[in-house]
Amino acid sequence: MNAKSAVLQGTLDLLVLNTLNVMGPMHGYGIAQRVQQISQEVLQLNQGTLYPALLRLEQKGWVRSDWGVSENNRRARYYSLTSSGREQLLEKKAEWRRVSGAIERLLEAGSGG
Amino acid sequence: MPVFLTRVWGLLRRRALDRRLDEELRFHLDMEAEMNRVRGMTSEEAEYAARRAFRGVQQIKEIYREQRGLPAIEMLLKDLQYGFRTIWKSPALMATAVLSLTLGIGANTAIFSVIQAVMLRPLPVPSPGELVSVGDSSRPTALWEGGPMVSVFSYPLYQRLRDQNRVFTGLLASGRAGRIQARAEMAVLAQAALMDFAGSRLSRAEILDIRSKTVEVEPGGRGFSWIRKHDSRLLFTLMAIFALVLVIGCANVASVLLARAMKRQKEISMRLVLGASRRRLVRQLLTESMLLASLGGISGLLLAGWGSRMIARLASNRGVNPIPFDLDIQPNTAVLAFTAAVTILTAILMGLVPALRSTRIDLTSALKENSGAMGHAGGRAGKALVIGQLALSLILLVGAGLFIRSLTNLQTLDIGYSRANLALLKVDLLGSGYAESQHFAITRRLIQRLLSVPGVTGVTVSENGLFSGTDSNTDSLVVDGFTPAQREDSSSSFDQVGPHSFRVVGAPIIAGRDFDEHDDERAPAVAIINQTMARFYFGNSEPLGKYLANGGDHYTIVGVVKDTKQRDLKGKLERRFYVPLFQSKDRFGAFHFTIRTRAEASGVIPAIRREIESFDRNLASSTVEPVRALVDQSANGDRMIARLSAVSGVLALVLAASGLYGVISYSTSRRTPEIGLRMALGAGRSKVMWGVLGETLVLILAGFTIGLPGALLATRPIAGNLVGVTASDPLTLAVASLVMLLVAGLAGFVPALRAARIDPMVALRRE
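Those protein sequences? They're chains U and L, same order as listed. Counting with numbering that gives the first Met the number 0, you get residues 0 to 112 for the letters of the first sequence. Counting with numbering that gives the first Met the number 0, you get residues 0 to 766 for the letters of the second sequence.
Calculated directly from the structure, the hints in this document are not laboratory data. Built from N, CA and C at the ideal position, the CB exists for glycine as well. It is possible that part of the hints are untrue.
[Unchecked claim] Here are the simulated distance ranges between beta carbons:
(1) L:Arg13 / U:Arg96: 55 to 65 Å
(2) L:Ile72 / U:Leu106: 43 to 53 Å
(3) L:Lys262 / U:Asn71: 49 to 59 Å
(4) U:Pro24 / L:Thr332: 52 to 62 Å
Next comes chain U alone, as it looks inside the complex:
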């Protein structure tokens, strides 16, 4: 996929939860922008897939959504983290670190030998 990598399956949830945790309540467009900015455009986010993901997170009770007013004075749906979402984030972060650490170690061992 060119120079940019597709967002890994399953990591989108983690990215969204983390963004909301750091930035506070945000609308969908804002989340998309933020994810792309932070990853310095390395991660290619298919913006559309963000919305089913948000719905999924909401159904699981990890985020909540309310109508709010955007910076340019338009009605927008704002998403915020719930307390169980915060717990999820911690768990998912830990899990991600465990997995990526293990992969890192594997790769290190491979190049060293």
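Based on these hints, arrange chain L on the given structure of chain U.
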């Protein structure tokens, strides 16, 4: 909240959620476009780029929707909505379809609820499993009370059993005070109870004899066992008939659905081309047929409530001794489950062929022109359906014909006496408060009083009467000079009758004499036997003067009477003997008076009733019926089956004919241009007409080819139920075939006529 519930919630609020998503997406795209403009794009470019970054707004919406709600249910709702709309669009056609399904499902449900109430459901009592009936009702030493044969016990024996046995927790007896035939009856009792009762008074040999007998106790908690024996064949025959009607109805609806699916062929092909899966389309078409079937099922259930009451009433009505027949035929879970199962089966049966046919299309040719490959395939399927319908309705017609002929034979059957101008009066003396010692005196006075009624020419009395629903049997008859080879040889039915009984009834005495006033308790005991008994026990030798013994009583045979029927019409003639009522030492509850009238009995019945009432007001509850009506009533089951099979035969024929009409009309209308061309080239109108008629005849002949062997096969199980006609009766087969040929031919004649009237110029212009 579990994810499932949020999805249900999403399903219910799908409109609001759709709006919310639209608004969110619009906001997103606008923001992105705005950003692009800031970056220096033209507004057109900006919007395009925004959409591209989004990758397919519609796709995302679809994914979002699927995740939001329950897609399966949402799809179902959509299909249902669509189904309702298509039904609404052709109300007359669909109403006919629903009506035929209503009749089919309703009739099947009705018969099932009766079968279930009679045979499958336990009696409505607490712990029915603990109920048993004592005695073997199939043994001939039994009393027939219209319902089950019951074994006879003496009253003291019953009392002792009830109070002293250690096996049963309670004992209930029904019926009249019976005669004492102790030895035979003891054998059928539970041994423990019996020894408890009689042990000290029996000889050693008798005790050993009793011990060697088996105890006959049958479960009593399940259903009405006598109806099970008596009517199960009838009920199952009805069920088979109704099942066939339902199948024919299904085929009809299937042709309608098929024809409609063919009209929608362009739409269906288009959707297939656009990527709709075939499964999805089949499911949608099946939803429609399920919808139709459900409408039929619901209204059928309503119809069944009425139908089952009617069937139960027809089955229970039995003359002067009506059986308390209080079936609980309220719809219950089992009936509902049955209806649901039939409905689903119906939907699949009628929906699957059209659904599969109409979605199996050669897409390119189907899209290119209207009358593509599919029209052909659909036409073939439609023809196959019609052939099946014709075959099945022929089977039903043959069945109806057989039942009707059998009923006619039954109604004119020789029962040994004339059923006209005879009435049967039942008087319950015991129940009206008369002491048993008075019974014979009262009976004699009643005979005199009845003889004084204008229009009455003869009166006699008997224990059992004619077609009254009661009868007596013995299996311990001892006959002068005859050695029984098996127990069956000692069995006979019998009655105890008054003076001049056979003259009043009208059964000729073949040899010897009738009973008269002198045959009373002071005179020697005598008996009259019927021809069948005379033949069986005495062959060519002289029966008069020989002896009979039954229980403790010995009789001299003084007469032979012509064979008669007095219990039912269908049973074969059985051995029977008669003894004078006024010589009897038995105790009776009720008596049956047979009254000969000058004119039709029904005209004299009010006068008879008045006479009884003026004799004693307490006897006002006595029942009196014309014997002809009683005889007719005994054929109620046959009458019901003849009527219902005739109705279903007609129904089936109409359905099949309309199916045939539809198929021929359809194929003619498709061939209109071709016919027009042929006519333009000189083909005559009659030739065209015969061509279309030929097409009809081919279908009808195919129906015969399957239907006639089918009828021969299908009527085999009912052969035993037919009177005076064989199951393969050629006349019935011929008439049924002719009727079908005429009606179906007529159905094909209309489109043939229409084809002959085609204007070649108009037809060709359409091309």
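(request) Run the structure past the numbered hints and jot down the numbers of the failing ones, going up. (result) 1
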